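Generate coordinates for the entire structure from the input sequences, incorporating the hints supplied.
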Amino acid sequence: MLKAIRYDLLGFEKDVKPVEASIARHSLCFRHDQDDPEIHIVVGGDGTIQAKEVKKRILDGKPVLPVHNRDGSRAFNSKKSLGFVADVTLDNLHVALEDIAQGRSFPREERLLACSINSEMKGTAICDIAIKSSNPFSTILFAAVVLKADDKKLERPPSPKCDILLASTKYGSTAWNLSMGGPINVDVPNCMQLSYGGASIKHAHFLYSTRDVIKIELCADTLVSIDGITDVHEGRKGDLVEITGSEDFIKLLRTDRTFESLNSKIGRQIQYSHNSIMSSALFPEAAEKQ
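Letter by letter, the sequence shown follows residues 94 to 383 in the numbering used here.
These are computed hints drawn from the structure, not numbers from a lab. Please note that the accuracy of each hint is not assured.
[To be verified] Below are the EDC-like pairs computed for lysine to aspartate or glutamate, each with C-alpha atoms no more than 20 Å apart in a straight line:
#1 Lys215 / Asp101
#2 Lys215 / Asp129
#3 Lys145 / Asp280
#4 Lys155 / Asp101
#5 Lys155 / Glu202
Please read these numbers as outputs of a predicted model, since none were measured by experiment.
Below, the structure written as structure tokens:
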């Protein structure tokens, strides 16, 4: 008999219970151990993995298995369907557990993003770092440069007025970035993406390495949020915000079989979004009633 793998469950209790029941039904090779786990099983979506208490636990270098708390058979919703690149759901959890027990899983190690203001470290992001005006009704102008790691040259991306400036990890590319029309970069290793929300430019998304350094001079008072609304810092006009790859890593467990569900899920999400846009264009009165 295979040695039982120790795991802990992180997430909201209402989401954790069905996963715990599924593990008990499908596997004898896993043993719950909250104090000394070999792997972390995180149940939920973006909000769960970004929570400070969860983030602190999963940055210990141990593999993380993200499980989306929505049944894969349910309707897809642009706000909830993709989660944090979770290709495991309740309906295929047993497949992922079998692969892990048989050694068919592989961890993918990716850097987080680090954010500092005037050289003072503010925190790290698993998904994204957002900079927006402290006045919710105004746009903002940024003066941004990127120090390239390969040749130490400075690159100047456009600096249009916009509602928000967003730096995303590959995992964050399916979160806020996606709602801003940005590309999904789940297969691009150690990348960060710079996106301008609400800007009147044709190309508003730029891809960089996590070894590069994005330097942003604030032209107005701002709010800098790291992984959502629970970690927000004030930025003043003239402050220098720097974003680059962190020393911290997250190590997500993936399997060949469960990865197929992610590709299918993204495909259906794109089709869902396309159909919604076409429906709104053809039947605007019906769209207004929704």
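The hints, checked one at a time:
no. : hint            : in the structure
1   : Lys215 / Asp101 : violated, 28 Å
2   : Lys215 / Asp129 : violated, 29 Å
3   : Lys145 / Asp280 : violated, 26 Å
4   : Lys155 / Asp101 : holds, 11 Å
5   : Lys155 / Glu202 : holds, 10 Å
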